[in-house]
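J.: Here are the chains, one letter per residue:
There are 6 protein chains.
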Amino acid sequence: MSKPHPAMTRLSDLKPGERGTFFALLADRVRGLAQNNKPYFKCAFKDLRRSATYMVWADGPHFTACDTEWQVGQFFKIRGVYTEHERYGAQVDVEQIRHVQDRDAAEGFNPADFVERSRLDPEQMLAELRNVIDAEIADLPLRKLTRTLIDRHAEGLKVLPATQRNFYPFPGGWLEHTLSVAHTGGWLANWYRERHPDLSPPLNRDVVIAGAVLHDIGRAVELEPGPGPLDPAEPTVDGRLLGHLFLGRDLIRDAAREQADVNPELLRLLEHLVVSHLNHPEWGSPRLPLIPEALILHHADDLDAKMEMFARCLTRDPGPGPFTERDPVLGRHLYKGREV
Amino acid sequence: MSKPHPAMTRLSDLKPGERGTFFALLADRVRGLAQNNKPYFKCAFKDLRRSATYMVWADGPHFTACDTEWQVGQFFKIRGVYTEHERYGAQVDVEQIRHVQDRDAAEGFNPADFVERSRLDPEQMLAELRNVIDAEIADLPLRKLTRTLIDRHAEGLKVLPATQRNFYPFPGGWLEHTLSVAHTGGWLANWYRERHPDLSPPLNRDVVIAGAVLHDIGRAVELEPGPGPLDPAEPTVDGRLLGHLFLGRDLIRDAAREQADVNPELLRLLEHLVVSHLNHPEWGSPRLPLIPEALILHHADDLDAKMEMFARCLTRDPGPGPFTERDPVLGRHLYKGREV
Amino acid sequence: MSKPHPAMTRLSDLKPGERGTFFALLADRVRGLAQNNKPYFKCAFKDLRRSATYMVWADGPHFTACDTEWQVGQFFKIRGVYTEHERYGAQVDVEQIRHVQDRDAAEGFNPADFVERSRLDPEQMLAELRNVIDAEIADLPLRKLTRTLIDRHAEGLKVLPATQRNFYPFPGGWLEHTLSVAHTGGWLANWYRERHPDLSPPLNRDVVIAGAVLHDIGRAVELEPGPGPLDPAEPTVDGRLLGHLFLGRDLIRDAAREQADVNPELLRLLEHLVVSHLNHPEWGSPRLPLIPEALILHHADDLDAKMEMFARCLTRDPGPGPFTERDPVLGRHLYKGREV
Amino acid sequence: MSKPHPAMTRLSDLKPGERGTFFALLADRVRGLAQNNKPYFKCAFKDLRRSATYMVWADGPHFTACDTEWQVGQFFKIRGVYTEHERYGAQVDVEQIRHVQDRDAAEGFNPADFVERSRLDPEQMLAELRNVIDAEIADLPLRKLTRTLIDRHAEGLKVLPATQRNFYPFPGGWLEHTLSVAHTGGWLANWYRERHPDLSPPLNRDVVIAGAVLHDIGRAVELEPGPGPLDPAEPTVDGRLLGHLFLGRDLIRDAAREQADVNPELLRLLEHLVVSHLNHPEWGSPRLPLIPEALILHHADDLDAKMEMFARCLTRDPGPGPFTERDPVLGRHLYKGREV
Amino acid sequence: MSKPHPAMTRLSDLKPGERGTFFALLADRVRGLAQNNKPYFKCAFKDLRRSATYMVWADGPHFTACDTEWQVGQFFKIRGVYTEHERYGAQVDVEQIRHVQDRDAAEGFNPADFVERSRLDPEQMLAELRNVIDAEIADLPLRKLTRTLIDRHAEGLKVLPATQRNFYPFPGGWLEHTLSVAHTGGWLANWYRERHPDLSPPLNRDVVIAGAVLHDIGRAVELEPGPGPLDPAEPTVDGRLLGHLFLGRDLIRDAAREQADVNPELLRLLEHLVVSHLNHPEWGSPRLPLIPEALILHHADDLDAKMEMFARCLTRDPGPGPFTERDPVLGRHLYKGREV
Amino acid sequence: MSKPHPAMTRLSDLKPGERGTFFALLADRVRGLAQNNKPYFKCAFKDLRRSATYMVWADGPHFTACDTEWQVGQFFKIRGVYTEHERYGAQVDVEQIRHVQDRDAAEGFNPADFVERSRLDPEQMLAELRNVIDAEIADLPLRKLTRTLIDRHAEGLKVLPATQRNFYPFPGGWLEHTLSVAHTGGWLANWYRERHPDLSPPLNRDVVIAGAVLHDIGRAVELEPGPGPLDPAEPTVDGRLLGHLFLGRDLIRDAAREQADVNPELLRLLEHLVVSHLNHPEWGSPRLPLIPEALILHHADDLDAKMEMFARCLTRDPGPGPFTERDPVLGRHLYKGREV
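Protein chains in written order, with the working numbering: chain A, 451 to 790; chain B, 451 to 790; chain G, 451 to 790; chain Z, 451 to 790; chain R, 451 to 790; chain C, 451 to 790.
Bear in mind the hints are in silico, worked out from the structure with no lab data behind them.
Watch out, some of these pointers could steer you wrong.
You can't tell identical chains apart in this list, so a pair holds if it fits in one copy or across any two.
[Claimed, not checked] Straight-line Cα separation of at most 25 Å, BS3-like style, residue types lysine-lysine; simulated pairs:
hint: 1; residue 1: K465; residue 2: K488
hint: 2; residue 1: K492; residue 2: K465
hint: 3; residue 1: K786; residue 2: K527
hint: 4; residue 1: K786; residue 2: K465
hint: 5; residue 1: K756; residue 2: K608
hint: 6; residue 1: K492; residue 2: K756
hint: 7; residue 1: K527; residue 2: K492
hint: 8; residue 1: K527; residue 2: K465
hint: 9; residue 1: K527; residue 2: K608
hint: 10; residue 1: K496; residue 2: K527
Next comes chain A alone, as it looks inside the complex (with noise of 0.2 Å):
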């Protein structure tokens, strides 16, 4: 191949007014009846942070094709020029077309990087969440039941997003946000069975472990994905109506009843752990932590969260100004001006 691709750009990193070859997902076709009385369609092209509109007129060069070949979900190889309407919003004029063939891989072509999802591989998350059930759980038993329920919804887990829309609200954030929630758990723990050295029993680590590894495992049940591969999780009927702290509880329940050999007590810490992770009555918490292992799981938890809707909103800000736009889930502006 003598002559040079020209260089692959992203449609998302295109300036007004410039040119560039990149892939995009069709996401949206929709026909209409111009005022000529001529129909037309209206395409979205889009890939991870911007989606571009492009009108493909009946006396287009693209009309037929539209018409006939494309299809909402489909990979296209496009060239054109990327502008932005002051009414209409983003626009793309397509100059060259193609859908994506299989040796675009070879110029970068992968279709999970449409989606957004997390940062880290799903499959090694899920084997370091392994690796710390264990070697973090000393208590066998407990050890095998919090093993069982993570291997047996293994597919849901890496990709289910650890929210609908609140935070790591992508595929793989259930595991990134449990391997965090499990990591910080069991630190606390350990710092505060030292620091109060007169409780007695002493502060149960392997209950922190347990409960953080298990205190979202309802979503797997809660959540089902969307109906497009590029739609968010949906609850599912039971996921509204009886909500993932019950849906949890009776996987673990059930899990441990087939199991029948973990200790009673230490069960019952843990379905208290499941139940008041929440804390607050007004976030839907029916119980308040009443040991000190629930009070470390909710601040584990919710830290973690938080810090998720931190950096998200820190790192996607668009626009000008020491502060983000007002973020509607935190209800405030972030400082992301500073300079140390």
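Position chains B, G, Z, R and C relative to chain A; hints supplied.
T.: Just chains B, G, Z, R and C, lined up with the frame of chain A:
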């Protein structure tokens, strides 16, 4: 029996200065040391509505008996004078006293009179509840599930209060409350089923009845009898760590699993009713009602609970004036001086 | 009439692309200037459930008629094609159009079909309400007072909604809600009167019925018809400055003064019911219920209002999936996909 | 009178161990039985700021008089020693005692000194209030309406507190508060009328003054004198069932109807001020202020009430240290130890 | 000047369809591409109360001038026709247009007319504020401290709004609000000092005046001018990270340290006023008022802020009907249709 | 010393009826008058966990010594019998008593044993805190600032509680809490710095450590020792009027100004951490956390505080049953009866 018995009265019916013969429970007996260095006993005799102190001095007539024969929890037949000490409160000056004997039943002695309890007979209420289930739940497996659960916990339910302190806080209260909620819920289901004919599927009366009967079934494991026969019910460990919503749904879920023939959608709606019947998150409800049946159950439950608190407050308030003392749970003074 | 009429349909029943003949109201007509400097009209035709745009261009067939003959608020018989424009929404391409004529009634034209209204007949509901008053209120002066107030405001009440926006927000809603509350309140009064026989004086059913009938009588002066025949009711000046609690009690108080024979204690209890029926201070209730009758009225009222909102949300939700859109007043997604 | 009287003092000015001669009210007298089976009386003598116990033993000098001659509510001249018992609190050891006689007025006896009351003379305050009405309300019918209402309730208003317990909770308090609110409201009305010249119609000072004078007129029927001369005012039945907002507006509305010449718009604004002056729904306000005059009244009212609570708390706090005890209504410790 | 000028008008005074000559600011100018692939500009011309669009097409008379000579932020003299497009809103059809020239001042052109600002002259208000300080603060070092701070920030204060968005949100607003609070606070201090003569030490009027003048001095560093001359003030980094309470107290504390002669107790009270003037914790107040002076300042501040919001809402509301649109900050519809 | 000492015990370890020899503090001594008109003293002797009454009657053996030699605040060696009076509570019947002497140290007397204090040595904690500062804060000027502030207040900090009543409410508590928060904060900063590598600039660990060490530095001026050696710390005047957030930031700001070399942006972030660490406005936090470091500090602080309350409640609860008494600050019963 030639000589007429002195007419029996009740401790709580005596006016200050009045002499009477009555049965009483020895509720407390504490040994002390007087200023003259002689021992004494301070005893508390009580019936359902009043507790009065009897100071047994070392040189008085009953010291030895009190020291060696009287036990807290025993019943006595007493003749004495009731007074109200301005600092030490209700007193009884005991003139004659002996343990209750079998023959006292003839004069009306009944140990059950000494604890607050439902004015309705538990056996009869239980029978009525079974009737409601059998007559009002059309779906056979759902009916069976509901019956199974009531039958399984029947013994405990007969002596259970509806709540530890707030409404129907006395043995039999659970049954009295549940019956009333089931009755009202059934009527409201009929009314609104007819009132909203466009609902599809129509409002499900079976779900309302089963939900009403089982909404507080978790109390059977949330509460346990107090240490003494006169002590109020107390939360179990699971009761505090998990709460009656989780515990009640467990009972339902386990029974349905055993039974295996309950329509899963019916079961799901029933579980939702249990989980959402408290309605307000700030009352510890983890879910809002999402189906009309849950709304009906919430109102039937809440109205019945409040109505019992109103009635108890209005009928027990001892003070003068047209309004009751401020009820600490209701947070208001009720109007008791009305003429119509 | 040899040739069969084309079957009439409803605008809101047409599918995109479908042609039909239907009656419609001209709800809006705005003159504009196109890019070619020629005038046009943008008209909105609607029936109860749908509004569709018809662009009347200067060189189209209906421009002159639209300009000189069509008036907002008039009804038309239209044949046309319904389409959904991806940006401009629902459109109708009008092929034939004329004003509605008297004979159209034969084909089912009824102007009342174009506004949301109670599914029940106002005259019938009013008659039923009078029956309730006459049959259920035993105390004669109280019965007369209640009748007088309903009779006095009968004309307005027939077209009044229960509330401007929240529940039963359509003509006839006041009657539909009031009838239901009176019916439920009466049943509950019977139930609790029997259930709490120790109340003295016993629970007063007359007060509950009269309170239910009159609890929202203030709406008759709080709300007034909107500017157009299809506009919702709007608050009057007194409605906003004083609110329906004060206004309703005024009506009662004035009527009782005229009548002069109402038992003052009954009147006082009735006024208390009006004043306290909202229950929660945060909903604007200036008093908490202090008598059992007020408690019953509050629950009968609140349940009936919420039930109507549930039913309306469940039967009108257009979207896919097992749950409705989030209802803004109820603040939740209802479960509409249930099978039983 | 050759022999000098022993200097009179006040019970509440005596230091522990000090002997003095003072007037006191017999506020309580309870008969009891001592350990030696002899009767005794426990009497409570009090003046405005202190209550002290006198134990009248059967073998002491005053037993017969106490038994046969002393009545609760009578005033006495007493010579005795004041002590503070570490367990039983303030005590007075009575050496001489007799009923108060007419000539004691010469030594300063005044029964009114024994109850908390406004430092200002009610007659004078009432006259001043009438002056305010006559001088400050320009609109003649509105002025007449306001005068009529004050005149009609003048006798009661002179002894009414502003509230039962919260602010100005003593006879004369209603007048003191009302005068202050009217004065402040008038000034603020002037200030803001000038400050916002673009308001049309301009801010209505008459409405503010009339609203200030009448905002709490409902207290005249909401509260009634307590059972004894020293008991605080208590809510009437209507006071609790309806509240002073409704009751006050009734008085205004009825008087306006009689008078017949009040501008209906003025009357409506005045009613709105009464109805909305509490401002916050959580304080029981059924309406928010919707006109500037209502805003002014709310602030004049609230500031005056809080200022009285501040002043009372700061001037009555008995303890050491730079801050007062926590005031239960204000919910804070005020700074009383300031130097400037 | 023989030929009469066409009478100048204001853009915001034109009725739809009316032609007029007016001055306007070019507030926005965006280049776009029409369907015919020719460029166009969409310009926004505005005065204080209205913004109207002018579409400059490639083949129209002003395209070249717009492309090469017009800058956002410049002022123009325009003759044109105002129309209201049913979809695109306010439009102006420009017939003649040129940049504003010096001589236009003779016809009334004043750039300051194009931004909302206080109706009072900042210089005059500043002078008045200095007068208040000099005349009303008796304590010399306190007076000097207050003067120093105002003088030090005088330039900024003249253009500062009282708040970014809520009350007096326009240049000069800070001064207008501060003057009013100082005036009202001074009057209230006099009134309550006389009203509560038993306070010791008496209510300190100097503290109220100094507190009123300086309560919002922190705004001088909390806010900074927006990016453009017409943009509202924006929070500084310190403004968001620390807030105006901390920043204002810093200014006071630093100035007092420099001055060295301020009575420390006076300074402490003044600081307390700054720190507590928001009163409600939920409004961000870290302290409750603990001295009467702080209470007065809170009410003077809050009433003045709300009154400005009332007046602005009442005088700007454009709609029909007796009530304003719902004010989003006040959360209510105000009554503007009153007759008296 | 041939004869063995009677074994020393602790007052709080004696069972009712048991005789023992122990050291005790005379915490209270009140003179009273008995019914026989003879004086008596009521003394309270206490150690850390119990206070017991000794009634010293005029004709008893210790009256003269008590009257003339015993002073509140002195320590005594006592032999006596401990009893629990059913009305008057814990009593000690003193048989032998003398003032503590120097040689009693040999038997274990240590005045510090009589007040609650941290289980850790203040000197050691202070040294550890200095180590943390020196080892963990990389930025030299920030490290110096932090060291300076700790050194400057070192003497006070050693005896300061973390709070007056809520958490770590005993001498040394400030250090114990601060050390723990710094340790946890440092670990969390490491964790999240690595976890969110896309933050730019990266999460600043120095700011977290310095913020943790100094977040409550304001307590050093907010609280002062109570009046007696055993009395808890009390708020200073500035403490109540301004609060520890303002006071702590003042200390930091003043020290930074002296030092002059602290990076202004670092200082600003540190100040923000102090100002926002309470997080919730309803807890008195004037600012929400706007940077990730502030979020970490809030959680490290809140968890550590709650954990201490949990541990104290769990280890001090005296009652029977599996749950503690309701902790008034935590608002719940904790589970103490767990087995694992």
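J.: Any of the earlier hints contradicted here, and which numbers?
T.: Numbers 3, 6, 9 - these are the hints that the structure violates, sorted from lowest upward.
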